[in-house]
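K.L.:
Protein chains in written order, with the working numbering: chain V, 17 to 130; chain A, 19 to 132.
There's no promise every hint is true.
[Said to hold, decoys possible] In silico DSS-like cross-links for lysine-lysine, where the CA-CA straight-line distance does not exceed 25 Å:
#1 V:Lys-111 to A:Lys-87
#2 A:Lys-67 to A:Lys-87
#3 A:Lys-87 to A:Lys-76
#4 V:Lys-111 to A:Lys-76
Just so you know, these hints were derived from the structure itself, not from any lab. None of the values given here were measured: they were computed from a predicted structure.
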Amino acid sequence: DAGVTQSPTHLIKTRGQQVTLRCSPKSGHDTVSWYQQALGQGPQFIFQYYEEEERQRGNFPDRFSGHQFPNYSSELNVNALLLGDSALYLCASSKLGQRDYGYTFGSGTRLTVV
Amino acid sequence: AQSVTQLDSQVPVFEEAPVELRCNYSSSVSVYLFWYVQYPNQGLQLLLKYLSGSTLVKGINGFEAEFNKSQTSFHLRKPSVHISDTAEYFCAVSDHGATNKLIFGTGTLLAVQP
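Could you put the whole structure together from the sequences, leaning on the hints where they help?
P.N.:
As C-alpha cells, this is what we get:
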C-alpha cells in the first residue's frame, strides 16, 4: 500500500519564478494538507483541501495557492518566489472524519530559491 | 489559538541512557497531542498521540509520553536510547476543529552518542 508520494524531491528555482509541487495521497485518504518547514523550524500549516476545495488556510500570502483533483491528488503553487520560500514542503493526507487522526506525511519536496 | 514550546533545541545523550524530551503547550480549548520523528531527509513519522483516556501513552520504538493537563505538558520519554534514535523530534497539538490542522513546536534534536 503506497503512502504519500511527493514530486519532485528537490528543485532549484530563481527569485520571481513560479513553482508547482505535487502530492498523491495514501490510498483511501481524501484530504490533503500542505506544510512548509523552514530550516531549523517545525512545519507550518499552509492549507488543506477536501472535495477539491480549500477548507482552511494558514498565515500564508496569496502567492501560495493550491488545487485538488477528483482523484484526491493535489498541487501546491507558489508564485513570485522569494528567497524566504526556500524550505521543505510536506504533504499530509488523511480521511475526513477519521477520529484517530491518521495523518500520513510524504517525504517532502526540498525547494531552494536562489 | 494554540502554541507549542519545545525548550530544548538539542539533547545529547549516551547510548542506553534514558531520555526525556520536553513539550509544553498553550491552548484555551481541549487539544489533541502528538509526537513525530523526522530522520534526515525524510518526512514525519508519528510516534504516539493522545486523544483521550489514559494520560500515559505508549508509542512505537519504545517511546512513551504523559499528558499533564495541569502543567500543560506532554513530555516524551524512552528508558534506553539507541544510536538509531538520533533524529529530530517534533511535538504538535491540534484542536477539535474541522480541519484538525497540526501546530508544531520548533523541534528537538536527539543526538545519541556511543
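K.L.:
When the hints from earlier in the document are held up against this structure, which numbers fail?
P.N.:
1
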